[in-house]
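Asks: My request is simple: use the sequences and hints to build the entire structure.
Letter 151 of the first sequence, counting from 1, is numbered 135 in the working numbering, and no numbers are missing.
Please note that a few of the clues may not be correct.
[Said to hold, decoys possible] With a straight-line Cα cutoff of 27 Å, these simulated DSSO-like cross-link-like pairs (lysine-lysine) come out:
#, residue 1, residue 2
1, Lys83, Lys187
2, Lys16, Lys30
3, Lys30, Lys187
Quick caveat, the hints were computed from the structure, so don't treat them as lab data. Nothing here was measured: the structure is a model prediction, and the numbers come from that model.
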Amino acid sequence: MHEIVPGLVYAPGYLSREEQDELVADLREAVKQAPLFTPRMPRTGKEFSVRMTNCGALGWVSDRERGYRYQATHPETGAPWSPMPRLALRVWDDLSPYKHPPEACLVNFYEASARMGLHQDRDEEDFDAPVVSLSLGDSCLFRIGGTERKSSTKSFKLHSGDAMMLTGPARLAFHGVDRIMGGTSTLLPQGGRLNLTLRRVTKA
DNA sequence: GAGTACCA
DNA sequence: CATA
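Replies: Below you can see the structure in the form of structure tokens.
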């Protein structure tokens, strides 16, 4: 467990293979309940290359008309999100100094060609709570900078089972995914990468 | 703008 | 929607 930039806590190999398998099983149920959707950029309607679903009381969604937001239901089916996976809550309890539970678990599915541009997580009311992320499946090249877009950046690889927490000075750091390394994991039979992002949305 | 292009 |  170490800091790559101030406030970024990186815990490589945090989850065992058995724990990763349990999470994947929970996520299969989550996708049955609330299928992966393709978010779109506000105003332009441009599609993200990543597909998403959510678990927990609130889910992050985006479309052309209403932009980035959290809501309690799937944007296409209107169904509520699946419950937060048991292990996700346990990881939050173990890693996070912020003891109120997370309300959102955004599930991002990256095919080999998917990317995530540099961005900040700033759609939450409560920036005192950290953002906790779990990686499953193929490895990726992750990039992180500072709280201004012009800040210099560093990149490093994330592998299946790694946990990461953005807290303190890194809570609002720009970050993104440059590249997925296809075929680097056997966890997901169809390949690709799943990332779980746990967030407190409302003030506790 | 969590988009893209480009750069290192 | 909202901000750059």
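Asks: Each of the hints needs a verdict: does it hold here or not?
Replies: Results of checking the hints against the structure:
Distance hint between Lys83 and Lys187 is fulfilled; the C-alpha atoms sit about 12 Å from each other, no more than 27 Å. Only pairs whose Cα atoms come within 27 Å are accepted, and Lys16 paired with Lys30 is accepted, the gap being roughly 26 Å. The hinted pair formed by Lys30 and Lys187 fails the criterion: a straight-line CA distance of about 31 Å is larger than 27 Å.
Hint 3 from the earlier list is the only one contradicted by this structure; the remaining hints agree with it.
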